[in-house]
Amino acid sequence: MKITYNWLKEYIDVDLTPQALADKLTNVGFEVEELIPLLQPFSGVVVGKVESVSKHPDANKLSLCTVNDGAETFQVICGAANVAEGQIVPFAKVGARLPGDFKIKKAKIRGVESFGMICSKEELGLEKKSEGIWPFEQAEPLGTDVFEMLNRNPDYIYDFFITPNRPDCLNLIGIAREVSAITGKPLKMPEVTIQEDTSAEIADFIKVHIHDTEGCQRYAARVIRNVTIAPSPEWMQQRLEAVGIRPINNIVDITNYVLMETGQPLHAFDLKEIRGKEIHVRASRPGEKFTTLDDKERSLPENTVMICDAERAVAIGGIMGGQNSEVSPATTDILLESAYFKPTRIAFAGKKLGLSSEASQRFERGADPNNVLNALNRAASLMAELAGGHLVHGIDDVYPKEIKPARVPFDPEKINRLLGTSFSRQEIKEKLTRLQLNVANDYVEAPTFRVDLKINVDLAEEVARLVNLTNLPTNETTEINYEIPQPEIEQRINFVRQKMLEMNLQEAFSASMLKQSEAALFQNGELISILNPISDDLTTMRPSLLPGLLRAVNHNINRNMTDVRLFEIGRIFTNYRENNLPDQPYSLAMIQTGNRQPEDWGNVSVPVDFYDIKGYLENFVSKIALDNFAFILYDKSSYFMSTETVALLVKDTVIGFCGRVEPEVCAAFGIEQAVYAFELNLDALSGLINYQRHYQPISRFPYSERDMALVLDDEIPAADILNEIRKHGGKLLKHLAVFDVFKGDSIPEGKKSIAIRLRFQSLDRTLSDKEVDKVFRNIIKRMENTFNASLRN
Amino acid sequence: MLQKIDEIREQFQSELKAVSNNEELEALRIRFLGRKGSIASAFSLMQEVPAEQRPKFGQTLNVLKKEAEAQYEALKSKLLKPKQNKNQLDLTLPGRKMATGGKHPLLAVADEIKAVFTSLGFTIEDGPEIETDFYNFEALNIPKSHPARDMQDTLYITEDIVLRTHTSPVQIRVMERQKPPIRMIAPGRVYRRDTPDASHSPFFHQVEGLVVGEGVSFADLKGVIQAFAHRMFGKDIKVRFRPSFFPFTEPSAEYDFSCVFCRGKGCNVCKGTGWMEISGSGMVHPKVFEAAGVDSEKYTGYAFGMGIDRIAMLKYGINDIRLFFENDLRFLSQF
Ligand SMILES: [Zn+2]
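Listed in order, the protein sequences are those of chains A and B.
For reference, each letter of the first sequence is one residue, going 1 to 793 in the numbering used here.
For reference, each letter of the second sequence is one residue, going 794 to 1128 in the numbering used here.
Bear in mind the hints are in silico, worked out from the structure with no lab data behind them.
For every residue, glycine included, the Cβ atom is placed at its ideal position computed from N, Cα and C.
Take the hints with a grain of salt, since some may be wrong.
As the list claims (entries may be wrong) - 30 Å max Cα-Cα, derived DSSO-like pairs, lysine-lysine:
| # | chain 1 | residue 1 | chain 2 | residue 2 |
| --- | --- | --- | --- | --- |
| 1 | A | K128 | A | K9 |
| 2 | B | K1058 | A | K2 |
| 3 | A | K431 | B | K1031 |
What the hints assert, rightly or not - Some chain B residues near chain A, calculated using beta-carbon distances under 10 Å:
| # | residue |
| --- | --- |
| 4 | L913 |
| 5 | P921 |
| 6 | T925 |
| 7 | S1037 |
| 8 | P1040 |
| 9 | T1093 |
All chains should be modelled from the sequences, with the hints used to inform the complete structure.
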């Protein structure tokens, strides 16, 4: 919301500089987003007189002029059609600087020299679009600096951010009221003199009926006759333009001017278009259509407040007038409306219609029902003064149920406790009184324009902002409870993340919204789609962390970084349920592609394979001390390759998958090289992670090692062999390692050789060879029996 | 006789070249420089030299002795470090680099924020990112008709289920679950219907703070925010509070920190004001307490928020929020 400094001063005396005023208002909650001088600076422009005008010898539309600046005469080419001999004009001399950093230089136009420029208002930054140069209406002394002349009473534009709770400050008087509360200076309300033509009675021209008394709680009308439609005066146009409202004609400008002044929206109808001398306020009917004054036909949402005459709708109440009754150059009599509409009704209709106007913005936040007549009279008096209108005697004011000031419970003690202050009752009362609140013993009467004041804490805010929040006390110590149990989820996520970081992995963080087609590749249950997505690329919530990580891989490969190892922790989203939240568990994923180690003079490049990612997952599982887990072969994933994927199983629950990402899926992300990944459900790990560690004694006695190289059927999984060995190794078997896997050559077709090293050790004695051999021989026998294995060499 | 000296020199030089270890070198020393070595023997020939040649002979022999001693010492020190002789390592070659990793910068900043607040006795709470209209709006005193809904451009899953627009719903969930006293923060991802550009992302990250107890006041809120500013950015940082409006707090305040780049003097980053807007705060609105089932006669509380992305951008001097989510290794490896 914009106002100007000089305009504000009509309602209150201000002895603060424009910047100081901005700071004070910001401190009480009206943030000044921008403060700029009304006049854009320019220099070198003086008052000049056009002494002669003749045609340019070589160009039809150009004039060859001479301009006198009081001391000298200059030859100037001018392109404006309205230039004429004898005009007093703003003359930009050679070397002048105009707004937009435009510098005037000596020029040669179609062969004729030109020393300067006669300016339009547009060229001086005074209006958006000008037709021709600007001839001054009053004779000014030649040679006077035009910028100084215009800036004798410099003005400034403030652009406020008004929070939605303070609609009463969406106008100049509202801001002036706040300034009055800050400075203690009294408010100066505009003087309204109503001179009515007692020969005509309002009842002879209009009768107002409110049918929709819920939507429209007050409707007041006046009739102004014999107006002359013309442009409004210069000062009014300037003020409206300064605050961002386009001047139209005197009648419309007056309604806008009073709106900006008082915050009360008004609407002017052409009285001759109102049929049957009646106004009916009713709710819209199903299927009703209406053409607004912007020439658009609109389907009306149900329960929209409509303003109608005896036959048809003429305006959408509080939002926009109708084309059928708008003020035109031919208008002579005006029906002026000032009304109060229920905020929620206006908000609802405006939203459904996709329409927002200066009027609707104020009504939907809350206008002042008791300001309706003031604004009506102010506008009517201006119409008499500036448009030559005659006011018909009387107002048709329909106000079935008066809206009274709210009584806000008032408890100074509680206010002090909430703010941490110790103001006396008198100090608090004094502050509230400055805001035009009536303070009684245990309640405060809040004027109807203060829609935000309802309960005691609202009054606390009023006190706080007038004191200035920064000046309120600050407690630098506090008593806190030592018993602060951290939630398990925070502990779990942190722990898991820490373990991933300990493996020297880089953490990633990616978008949680995807393209539908990308999300579909990772579907695990129903996808969660967004009703009103920002774009087609952001329609679906991620069902997995892998698409985000694949995007990261693609991003880096495209920039020649082909070795990527990343992990991410975040929520994934699946399984929509009617009127219920979807599943949104935390997930952990890791992705790896390219070479195992960066390529350099000392490292041989080895591309990663399945066993790299599995190694990471095994290390992770060991770091979180998972019990009772197993890897099982898994070939049912749509995005992991069936031949290179395992599932991590804990107590019969699948926690996640690990393997090579399906090349077709990689291709969908523009990736050609092999990508390996694992993803685990961290919510499923809840309760399975062992945070506690117990020291395992380390033996002080030597160990014995035995190697075995078994030849057995290729199909037998290594995990089965190792499990069988563990089962029969007993307490003495401390460690197992596969150190060679071999096929072909001397090994028969369909068989493989697997070499395993077993380490035996006891906590309390040195093991004898005999003891170790006994266990070892038993294991070999089991291998022979269970797997039909034979010993190699 | 001088010829004899030249013979000894040549012999010494050729035998020196053949030396490959300490033993051979020692043998060489004995043969030439030892008490009975050829150089010592040559001195004993002095008497046989004609008197007029003696000084010259002695001088030349001394030069040879010094020469031989120096060459012996040089070779000796070379042999003592045998590896430097052959297969010398080029220690200036770059060392062997293993792939490294680390925290994502945004989450590293979140860790710092969490560390400050845990040290002030706060718990770290969590809540769903897809929320019901009730937790995201209604319970926070933002009914359907409320003008404040205009301020939040919301992404919807269904009419009643939304991508949370702030971390404030966690306040309600915690108050429903737990009796005061409550001191919590809730960091997490939030969503807005913003088209991505350098300063907007449709998802970003906030930290919510909530303290509820008996006698909790605005002065406590100011103290906590000030403590955070000092711990995070330094003791000289000033804090400023301005009245504002949020439906779920009353009174409500925006808080600003003095600019962390110019320390309040005014620079490009703060547009010359010396201040940086951080976020909003206020005293919990009684209606929020009612919705969460907390006795608003007995308890008071304060709430505050802050943007993690914004703090991280300030801290690292990053001017494009999208960099955080591209996962470019050249970006990630800088932190
Ligand atoms: Zn700065």
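List of violated hint numbers, smallest to largest: none
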